[in-house]
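Add chain Z to chain W, keeping to what the hints say.
Here are the chains, one letter per residue:
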Amino acid sequence: MESLEQYLEAVGRHLRGARRDDIVAELRANLEAQLDDKQAELGRLLTAKEMEDWLKQLGAPLQMAARYQAQRYLIGPEMFPIYWLVMERALGWAAMIYAIVSLVLLATGTPNAQAVVDALVRLPGVLLWVAAWVTLIFALIEYGSARDPQKWQGLAEHAASLPKIDLAQRERARRHGKHKRTFAHAVAEAVFGFLFLVWLLLIPQNPWLMMGPGAALWKASPYALAPAWITFYWWVVAAHAVQLAWLCVELARGTWQKKHGLRHAAVKAIELIPLNVLLYAPGRALLVLRNPLRDGAQLGATLSGWNEGLHKAILVIAVLVAAQIVWTLVNQVWMRGRDGAQ
Amino acid sequence: MYLTAYTVCHTVCFVQYEETMTLTENLFENLRLELRRGCLTLAVLLQLREEHYGYTLRKALAARGMEIDENTLYPLLRRLEAQGLLTSEWREEDKRNKRFYRLSAEGAPVLELLLAEWQSLNTAIETIRQQGKGE
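Line by line, the protein sequences are chains W and Z. Read in order, the letters of the first sequence correspond to residues 1 to 342 in the working numbering. Read in order, the letters of the second sequence correspond to residues 1001 to 1135 in the working numbering.
Treat the hints as calculated values from the structure; they're not laboratory data. One or more of the hints may lead you astray.
Each pair of labels, with its calculated beta carbon distance range [stated by the list, open to error]:
#, chain 1, residue 1, chain 2, residue 2, range
1, W, 129, Z, 1093, 54 to 60 Å
2, Z, 1024, W, 19, 37 to 43 Å
3, W, 136, Z, 1091, 43 to 49 Å
The beta-carbon is built from N, C-alpha and C at its ideal position, and this holds for glycine as well.
Isolated chain W, as found in the complex:
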């Protein structure tokens, strides 16, 4: 009886949540009844050896407890092909980006054998990180789909349940850019969006990530970026983080298939904010001199020309973005009107 108690206690240790005591109590009742039967049949108590054999037959406590768990895998068979596809692509891209970055670093630094070896040694770590993030994202999706399968039905679509192809409709969708986003596409957007955000956040400390070898030249030049660029940078980071969060919410809610025109317009509108920061920079100064006292007389006129040119370029970009927003909104209103008429 003592070893049965030990066995039940061990099973209980491997169980989680409020059901633990209930499961152990039920298991105790069943096993005790079984033990009574065995002993009644033999006409005596089981010996220690017989008891041990019987408990072995029941399976290890961990195995017994695991059978009571609803989900025993991180990524299920339905999700696995998509996970694998995204993993392959993410690892491929990560390896390529890492190779480019490493080559730039080697080219701008002092190339030597040790630097090459260091870069190669770091590669598995980088790939492991990417794999871990992709796995984490999919594990969360799997967890969400297990809790609310209705929202994730799109994943289980198979050939028989796919909608019939309407070529005319497809052509219309192509013309209006109204494609249905696939799950793999949405997840890839989230993964690459996350990598892009990391890249953005690394730029202030590592300007070469954006400028490449030009970063060294820029550092040596007499010009520097005006403080407005710092505000601009944080707005860009915030805008991207908002987009990424939005996409994650869509994935969590299972609404990734919808590609909202209005959302597109809203995202574009957010992009206008950092552009405005630059447009309304004090004195239209986007570039400043690192040492105005020393270089002011010589480079002042050139600097004004640069600032004027940059201001005009940003104004053109802002107008184009605003036109895109208007176009998207008009398109939405027109399509809704047409859908309503049909």
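Just chain Z now, kept in the frame of chain W:
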């Protein structure tokens, strides 16, 4: 200490047992388990048209030729209950508290559908088998 030794011992014994099986036996065992998995649910639902607690259900099924391990049957009962196919209640019997299960009102039509599916599968397999014999 005892539990660690027990778990290691069990794992080693299990692995050794697995290793002594031939490839064909192993393959057959996997296929057999796969084949049985769905049948077990059907058998349990059928048997639970009468009320049982875990152990008596296991005995009743074994008496009718359907042996099920404890670590398969007891968790299965929980899952079927969570799916709404069974109802359960704790009750005292022979001075012990036991959890009694029974087919639920929602489970009854599902059982009928499963039975129909089972019969249709049986017929199909038999037809295919007979066809193979005739050729």
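- residue 129 of chain W and residue 1093 of chain Z, beta-carbon distance inside 54 to 60 Å? For residue 1093 of chain Z against residue 129 of chain W, whose Cβ atoms are near 57 Å apart, the range 54 to 60 Å holds.
C-beta pair residue 136 of chain W, residue 1091 of chain Z: status relative to the range 43 to 49 Å that was hinted: holds, 45 Å
Residue 1024 of chain Z paired with residue 19 of chain W, Cβ distance criterion 37 to 43 Å = Taking Cβ atoms as reference, residue 1024 of chain Z and residue 19 of chain W lie about 40 Å apart, which means the hint holds.
Checked against the numbered hints given earlier, this structure breaks none of them.
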